[in-house]
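2 protein chains.
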Amino acid sequence: MTIKPWKILKSRYLIRDKWLTLRADMCETDDGTIIDPFYVFEKSDWAHVVGFDDEGRVLIVRQYRHGSQTVCAEVPCGVIDKDDVSPLEAAKRELLEETGCVAERMECLGVFYANPARQTNRVHSFIAFGVKKVAEQNLDKTENIEFEFVDLQTLMSLIDTGEFAQSLHISSVLLALRKNGLLDKI
Amino acid sequence: MTIKPWKILKSRYLIRDKWLTLRADMCETDDGTIIDPFYVFEKSDWAHVVGFDDEGRVLIVRQYRHGSQTVCAEVPCGVIDKDDVSPLEAAKRELLEETGCVAERMECLGVFYANPARQTNRVHSFIAFGVKKVAEQNLDKTENIEFEFVDLQTLMSLIDTGEFAQSLHISSVLLALRKNGLLDKI
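Chains as they are written, first to last, in our numbering: chain A, 1 to 186; chain B, 1001 to 1186.
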């Protein structure tokens, strides 16, 4: 491996508030090239939950996303807070808050980078089995989330037609289908 | 569908340079809640190329990513420039620049959002067949990219061990394996 990390010669924060931490680094590559500024977003890790009910249907949510200015179909997800004991607990909390559902069993599918070029954070993808509704949603004032269980054919059709178009979530879904031995069905 | 887009009441640019366009919106949700600021990154679309050679091996690259401060295994990818005639042309250009390879045939697997919560841009995922090396790499001064063809087993092992950990790229890879009828092999 001849690829070396860049050295950070200087670093300053341009924005550091509740919603965004934006850092500008002055970097030096292995061959001495200076890159200045290189912007990095320091972000908390995220958790995704790909949940199956006892009939093998997958739990999806729909919400407005202001970056794309579209309503996106996706899986329950959220930021892993400092108050969360673990990524698993964060995933359980998000599942319950966004859909009122709990799972009989959850397992981590892997930990991935959301965008390692500019973001520090990772995605912890979980598969959940035996998901069922036990409570009402508990949403933030700015959240409006609809949810439903869909069969595999419907899920793949949402992906193929672009209604379920979050690439990071598609990754979690396909890894969950692999884990659950369902890839030959799609 | 009861989910309504937010209204943008005001909008201002905080950073608008060669590398980053950061916008702060004052938004109003459907029930009148004000969200201010909501940060949005206006970004150009990206292209991914999941390329197969005639032996069914997949072309991967490795490069240093400064957000994660790690060397990442991934697929050839890049920004779709204003000068690119189309996403397909951008994908061909990136494939050639990063690896010196061309493809006999390329096909779009879909267009997805990279992070619709805060980013405007989309990922155009391509599958490429008959990929072969015809030239030397043509890299920017700050780029240092290694590439190799790996068999399917190796590719999945890189994903499972976390060496190939870019979630957006995993999505493109798995969709390409689906397109190529290889999901029963992983």
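Since the hints were derived computationally from the structure, they do not count as laboratory data.
Keep in mind that this is a model prediction, so the values were computed, not measured.
Among the clues, some could well be false.
[Stated by the list, open to error] The calculated lysine-lysine pairs, modelled on BS3-like cross-linking and capped at a C-alpha distance of 27 Å, are:
hint, chain 1, residue 1, chain 2, residue 2
1, B, LYS1179, A, LYS7
2, B, LYS1018, A, LYS10
3, B, LYS1007, A, LYS179
4, B, LYS1043, A, LYS179
5, B, LYS1004, A, LYS133
6, A, LYS43, B, LYS1007
7, B, LYS1179, A, LYS141
8, A, LYS10, B, LYS1185
9, B, LYS1018, A, LYS43
10, A, LYS185, B, LYS1043
11, A, LYS141, B, LYS1010
12, B, LYS1141, A, LYS18
13, B, LYS1179, A, LYS43
14, A, LYS10, B, LYS1179
15, A, LYS18, B, LYS1185
16, B, LYS1043, A, LYS18
17, A, LYS43, A, LYS185
18, B, LYS1133, A, LYS141
19, B, LYS1141, B, LYS1043
20, B, LYS1179, A, LYS185
21, A, LYS18, B, LYS1018
22, A, LYS18, B, LYS1133
23, B, LYS1004, A, LYS4
24, A, LYS18, A, LYS133
25, A, LYS7, B, LYS1010
26, A, LYS7, B, LYS1004
27, B, LYS1082, B, LYS1004
28, A, LYS4, B, LYS1141
29, A, LYS43, B, LYS1185
30, B, LYS1018, A, LYS4
Evaluated hints:
1. B:LYS1179 <-> A:LYS7: violated (40 Å)
2. B:LYS1018 <-> A:LYS10: The hint holds at about 20 Å.
3. B:LYS1007 <-> A:LYS179: violated (40 Å)
4. B:LYS1043 <-> A:LYS179: violated (33 Å)
5. B:LYS1004 <-> A:LYS133: holds (25 Å)
6. A:LYS43 <-> B:LYS1007: Distance ~26 Å between LYS43 of chain A and LYS1007 of chain B Cα, so the pair holds.
7. B:LYS1179 <-> A:LYS141: violated (41 Å)
8. A:LYS10 <-> B:LYS1185: Given that 27 Å is the threshold and the Cα spacing comes to 47 Å, the pair is violated.
9. B:LYS1018 <-> A:LYS43: Roughly 22 Å separates the two Cα atoms, so the pair holds.
10. A:LYS185 <-> B:LYS1043: Distance ~35 Å between LYS185 of chain A and LYS1043 of chain B Cα, so the pair is violated.
11. A:LYS141 <-> B:LYS1010: This hinted pair holds, its Cα atoms lying about 20 Å apart.
12. B:LYS1141 <-> A:LYS18: Answer violated: LYS1141 of chain B to LYS18 of chain A is near 36 Å, above 27 Å.
13. B:LYS1179 <-> A:LYS43: violated (33 Å)
14. A:LYS10 <-> B:LYS1179: violated (45 Å)
15. A:LYS18 <-> B:LYS1185: violated (45 Å)
16. B:LYS1043 <-> A:LYS18: holds (22 Å)
17. A:LYS43 <-> A:LYS185: Violated, at about 36 Å.
18. B:LYS1133 <-> A:LYS141: violated (54 Å)
19. B:LYS1141 <-> B:LYS1043: OK: LYS1141 of chain B and LYS1043 of chain B at ~22 Å, within 27 Å.
20. B:LYS1179 <-> A:LYS185: Satisfied, since the Cα-Cα distance of roughly 13 Å is no more than 27 Å.
21. A:LYS18 <-> B:LYS1018: holds (26 Å)
22. A:LYS18 <-> B:LYS1133: violated (48 Å)
23. B:LYS1004 <-> A:LYS4: violated (47 Å)
24. A:LYS18 <-> A:LYS133: violated (32 Å)
25. A:LYS7 <-> B:LYS1010: violated (39 Å)
26. A:LYS7 <-> B:LYS1004: Violated - the C-alpha atoms of LYS1004 of chain B and LYS7 of chain A are around 45 Å apart, more than 27 Å.
27. B:LYS1082 <-> B:LYS1004: Since the Cα atoms of LYS1082 of chain B and LYS1004 of chain B sit roughly 32 Å apart, the hinted pair is violated (cutoff 27 Å).
28. A:LYS4 <-> B:LYS1141: holds (14 Å)
29. A:LYS43 <-> B:LYS1185: violated (35 Å)
30. B:LYS1018 <-> A:LYS4: holds (25 Å)
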